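Undergrad: Sequence:
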Amino acid sequence: MTAALGSGTPSPSPLKHVQFGKLDRTYPVDYHNHTKWTDGTASADEMAQAASKAGIREFLFSEHVRSTSTYFPEFAKTIRALAVDGLTIYLGVEAKVLDMRGTLDAPADIESLCDAIIGS
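All residue numbers for the sequence shown refer to the working numbering, where the first residue is 1 and numbers rise by one.
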């Protein structure tokens, strides 16, 4: 399968095409999760415990943020305090991409607090 990055809008550089090979194994990771801090229904601890029981080895908490979000530093403390045997826990966000340059609708200091950022 070939995936093209971008849309019909002119970009600063040519579109790149990436050829994906056949996925012949599964990976025990989950990198897109929301807790009840935003639009999920479970606590961070409940989700981490469930992920571990399901055999997940790496887990990213990726709460929704906007530039006006104020909850994130407290949420970050909650996630950084989690410890579950056999599970590597990462802290991240999902933020809206505002333009073709990749500007995010997120607090200015968010990159310094996160392990990963999902642009959507």
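I should point out that these hints are in silico values taken from the structure, not numbers from a laboratory.
Among the hints, a few may not be true.
To be verified - Straight-line C-alpha distance at most 30 Å; calculated DSS-like pairs for lysine-lysine:
| # | residue 1 | residue 2 |
| --- | --- | --- |
| 1 | Lys-36 | Lys-22 |
| 2 | Lys-22 | Lys-53 |
| 3 | Lys-77 | Lys-22 |
| 4 | Lys-77 | Lys-53 |
| 5 | Lys-77 | Lys-96 |
Quantities reported herein were computed from a predicted structural model and do not represent experimental measurements.
Undergrad: For every hint, state whether the structure bears it out.
TA: Cross-check of the supplied hints:
1. Lys-36 to Lys-22: violated (35 Å)
2. Lys-22 to Lys-53: Judged against 30 Å, a Cα distance of about 28 Å means the pair holds.
3. Lys-77 to Lys-22: It is violated: about 39 Å lies between the C-alpha atoms, which goes past 30 Å.
4. Lys-77 to Lys-53: Holds, at about 23 Å.
5. Lys-77 to Lys-96: Holds. Lys-77 to Lys-96 sits at ~23 Å (cutoff 30 Å).
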